[in-house]
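When you get a sec, could you build the whole thing from the sequences and use the hints?
Protein chains in written order, with my numbering: chain B, 1 to 459; chain S, 1 to 459.
There is no bait here: all hints are sound.
Any copy, or any two copies together, can satisfy a pair, since identical chains are not distinguished.
With a straight-line Cα cutoff of 27 Å, these simulated DSSO-like cross-link-like pairs (lysine-lysine) come out:
no. : residue 1 : residue 2
1   : LYS378    : LYS284
2   : LYS10     : LYS225
3   : LYS165    : LYS109
4   : LYS10     : LYS238
5   : LYS187    : LYS225
6   : LYS165    : LYS225
7   : LYS165    : LYS187
8   : LYS85     : LYS187
No wet-lab data here; the hints were simulated from the structure. As the structure is a computational prediction, the values presented were derived from the model and not from experiment.
What follows is the residue order along each chain.
There are 2 protein chains.
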Amino acid sequence: MPERFEIVEKALLSLLEGKKYATLRDILITMNPSDIAGLFDGLEENQIPLMFRLLPKEQAAETFVEMEPDAQELLIRGFSDNELKEVLDELYVDDAADLVEEMPANVVKRILKHADPEMRSSINQILRYPENSAGSIMTTEYVSLRPHMTVEEAILRIRRQGIDKETIYTCYVISKDRTLEGIVTVKDLLLAENDDIPIEDLMITNLIYVTTQTDQEEVARMFSKYNFLALPVVDGEKRMVGIVTFDDAMDVMEEEATEDMEIMAAMTPSEKSYLKSTPFDLYKHRIPWLMLLMVSATFTGMIITSFEDSLSALPILTAFIPMLMDTGGNSGSQSSVTIIRALSLDELHFSDLFRVMWKEVRTAVLCGVTLALACFAKIFLIDHLLMGNDSINLLVNGVVCLTLAVTVVIAKFVGCSLPLLAKHLGFDPAVMASPFITTIVDALSLLVYFMFAKSLLGL
Amino acid sequence: MPERFEIVEKALLSLLEGKKYATLRDILITMNPSDIAGLFDGLEENQIPLMFRLLPKEQAAETFVEMEPDAQELLIRGFSDNELKEVLDELYVDDAADLVEEMPANVVKRILKHADPEMRSSINQILRYPENSAGSIMTTEYVSLRPHMTVEEAILRIRRQGIDKETIYTCYVISKDRTLEGIVTVKDLLLAENDDIPIEDLMITNLIYVTTQTDQEEVARMFSKYNFLALPVVDGEKRMVGIVTFDDAMDVMEEEATEDMEIMAAMTPSEKSYLKSTPFDLYKHRIPWLMLLMVSATFTGMIITSFEDSLSALPILTAFIPMLMDTGGNSGSQSSVTIIRALSLDELHFSDLFRVMWKEVRTAVLCGVTLALACFAKIFLIDHLLMGNDSINLLVNGVVCLTLAVTVVIAKFVGCSLPLLAKHLGFDPAVMASPFITTIVDALSLLVYFMFAKSLLGL
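Shown next, in the form of structure tokens:
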């Protein structure tokens, strides 16, 4: 698919450059708005408005929503007031709110000026909710029904109102004071045996809903748990204020997974796509963590300095430091990443702490013993026999492998418990991934190493 | 929500233990199947069939689908032939195929024996497709229409067939030989101006579809790109064979993100949830990578051994090894994780290799210089002046900081290019994350360190 698409892209660009607008338009109208938006990414700045004006009104608006913010800004600046109004009229309220959030102040002013009053007030309402809350990603356009309506009346209402709604398939039954009373789907309506049945007999009343303040991550989790098309959003008095649709939940899922991965790799999450980020953008997101972790590694250096005499007495000990540190770091991050992901999928809670620790310690003993045995055999066969390194005798080998086993157990213990503790204390558990765990485990493994070396080798 | 739910759970369990079945049933019928399935996880083995039999037929089947495989197996083994048939009749074909895949052979035999012939053949068809292909996650139940039908006829057909279909909202217009010709939504049908319009005038013909062989990751990406409710699956001759619905795509997205994270943390992906995995399960997924990486770290040890003389001459050099290795590892994994994620979201391709390298090298120079300056100041102020360590003179300090800067650049270069190369060669780029990059960068950074030390300090 991507390869095939690249060919289409090239063909369309050459049509544009050859000024074959009629042909270009004929092809564009058969394309999906997401794909057309993708096409705009490859255009020169002066080509963007040209191509955009070829699109029919509705398709133009749908394409506009899928475009990157810089292209949107460019277009809006070039729009006549009339053109702007036309695009805005076609936008869903939540997309308009996203747009307003992305644009600079003077563009926002122009947008709000040309939006119709109802949309303007909805945009303002959505923007008032905290970032990453259900309120901030919802749309205020949904089909509302009344309990006493019949199936026939309901279908009629959907037919009349549906055109402007993001989804018509789930309808919300609300009372006079806008309290959410039930949910009825178009499937239920179409499959109802009789057109005269009142909605209140058909609607589901064991409602699952979120409030405007619910975190968007929680909202996404509910979608993946319940398989809904849309989830109602209510205020503190259970009055209906909007809906979140599954496509927004999918975006949130993707965003949150990316964010977790970025944090786990010691970066501040960024909303910009990689290719749009400048080196300085990347630098800003990466340097604070590198700096912090570099300074933390000072402790490891201090530990080595304080055992300098042992290392001078038996220099071969230094050769095993990287292997011990790396294996410890890897063991720890295996545990921490497993726990962080389970936490973010809501499969684990703080109350599972002791179960998790017990499971990890047993796993760690299995891993530690296996690795220690393999390491012992490898050092004996390769370093000692094959390479003939006499300073690596059985006792030194024993110290290294014992340290290895103990390090793995410590690493997995630290790796599994820190994310759970972080979550419990209200921090993001993803911070407790590889880089942090590695720094802590490095210091601990060196301490263990030198303690064993001192006591067993008498250094 | 989770806290509130735990209280409900406890109340229901005490009703079950107190044999208050009527009350229990009254509460259960108001609950969502996903939540009831969650409840079963906390039950004793003998309580599961007891509680399950309290549920009305349809809700029982919906709950069954959401349950863990062990609970499903337990129930099926206890079912009478009649009960089994009843549950199977209520299942969607794709859920039935999932069930068959999870169950042991003798249970599968019983399931297939009691499924109706049509379902049996559909299950067999789905199971024949490769794992992780669109064919293996699709359902064969969808609403099909004919081009010449009118809106009225189409709605009538949906009303008649809809009850058994997973989604009725997207309908597929197929020709006599089952070729997919167009798509029409219930929204289009309901909003059509006139009931006599033929479907072919209403349907969308710029179709986006996948084949049975398309990878499920690609399918999920198309959902998040196009915001579809369902995606048609066709065979090699563009004949319609099934649909994938958005809820399955969401599950795939979640699975694939988890899988990427596991691979990035050097684990073989597992489909079992953490709490259901035994320590031995975890061990099996973790030990191969730990072993491989431990053996790779041998090279780092060999590098240190070959520069043993330099280290003996200036033991303080050892103290900076952990800091250099860790910072290199962290810098590299920042780049690799960023690239791996962008690749899996399809934001980057191999053709971007040089753009990516150029961007990363510039970022690396910024990071490297900042870190080196900070490190120089820290060593000079703290280690030299404050701690009075005389062996750390300006030249030693210079060697450490120069190594640091070079290491960061190497790390980011390796970190960004290896995932792209891996993808290009058909390997999973996620393998090229922190642990692998760290091992490579460790060796390189030590080489740089000792080379600078030898040439600048004359060791």
